[in-house]
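> Listed here are the chains, written in short residue letters.
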Amino acid sequence: MQAEPSQISDNDLLKAIARGDEGALADCYDRYRLILFSLILRILHDRHEAEDVLQEVFLQVWRRARDFDESRGRAFTWLVTIARSRALDRLRAGSARARLATGAEQEPRESMGDAAADAVRSEEGEIVRRALAELPAEQRRTLFMAYFEGLTQTEIAARLGDPLGTVKTRMRTGLMKLRELLRDQSRS
Amino acid sequence: MNHFDYQELLSAYALDVIEPGDGQALAEHLVTCAECRDELIALREAGSLLAHASPAAVPGDHVRAQILDKVRAEAVPSKPAQVVQMPQRSKTVWPNLLRIAAAIAFFALLAAVVVLWRERQRDRDLMARQREALTLLNSNAATMIQLSGTPTAPGARATLVFDKESGRAVLMTAGLPTPATDKAYEVWFIPKGRSPMPGKVFSVDSSGHAMITDQMPSEAMNGAVIAITVEPKNGSAAPTGAIYLASPAS
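Chains as they are written, first to last, in our numbering: chain G, 1 to 188; chain L, 1 to 250.
In isolation and in its complexed conformation, chain G is listed as follows (with noise of 0.2 Å):
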């Protein structure tokens, strides 16, 4: 059985956290376990090699939590962008069976996890994929293709046959797409 997450802002955690704040970082990682979970292993397609990163991950929030700068954005966005980094990283490093997974026409699949996971998925998270189903193909397959497997304009135009000037618009009006929905959640 495990406690209630704290009601504690995420930039107060991460300050706890950087105190040397054990609680803090069980906290922290009750709140965030799903959504950097289901991230590394949409990368790593192995659930083994994913909770070994999880590992990893909190593991370097315990260590460089004081790096955290809450002018330069948002915690959601420090501790996803070291979790992606550290999936890419072992995803780079490893497994064939990984790189087998994934696919230039690969989208992912909804709801292959755990249904209590589902019902607990954050209302951003829902406004989040409704919008990105909403974007052209194209666009979504270039961001998805960028942000879960970490290719280069260069490699996507490669894979998907199209050209780089082309590859690099969609990225751009995608990203855009995604800066204007921040703008107006945080407007709301």
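Among the hints, erroneous ones may be present.
[To be verified] In silico SDA-like cross-links for lysine to any residue, where the CA-CA straight-line distance does not exceed 25 Å:
#1 G:Lys177 - L:Ile41
#2 L:Lys70 - G:Thr154
#3 G:Lys177 - G:Arg140
#4 G:Lys168 - L:His29
#5 G:Lys177 - L:Gln7
#6 G:Lys177 - L:Ala34
[Claimed, not checked] Okay, the calculated bits of chain L under chain G, using three or more residues with CB under 8 Å as the criterion:
#7 37-50
#8 54-61
#9 67-73
#10 171-181
[To be verified] Example chain L residues on the side facing chain G (calculated, C-beta under 10 Å, incomplete):
#11 Ala12
#12 Pro232
#13 Gly235
#14 Ser236
Hint data in this document are derived by calculation from the structure and do not stem from the laboratory. All C-beta atoms in this analysis are idealised placements derived from N, C-alpha and C, irrespective of residue type, glycine included.
Starting from the known structure of chain G, fit chain L onto it as the hints suggest.
Positioned in the frame of chain G, the structure of chain L alone reads:
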């Protein structure tokens, strides 16, 4: 590369999939372009939202305990950087000599800026900063602070000119060594009795020169020490590296 080209690269940079050569060029640009830095922050925030597209998955229960065990086995994370001790200056006959030297330096600086202007006509960014520097140097409300090299960088010198009304400042450096690829210089404003306030992060050209604009915090307008240290490439919230330049403590 012109400014539009840099803006084009920001999406790839924000998603950490930029080609190495482009990344280096953009990183250098970011040292001096606040507009692109702000845009990059916003694009990174937006890019991170893609994490929500991952199918829901739950880690095994054992992971939490393993993390906490490892954390307990480690030493407590090191304390945040201590407030930097500024070098002491002896109170001798410096004041009058400094004032004379300052007047000479002022005109030399003016000449140097004009020369730089002619040499770098094509660099729009630099021209804008040079224009601002000249405006400041010519203004009545300009105050000048000289920084001297510490034993770490005895050949370095710098001048900070700022406008007491607006707080707009121009910093010009000379004789600073090129920092390592993962490092940059950072400006610090240290008001009396307070901890250092971070200013701009910058790098130098191949001849050790830099000219950047910055904003003096209001707390630093009267009698602050100005210092420059070497820090990680994207800057630091508090000084962690060696001091290269410092102004006299008043």
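> Going through the numbered hints above, which ones does this structure break? Give me the numbers in ascending order.
2, 10
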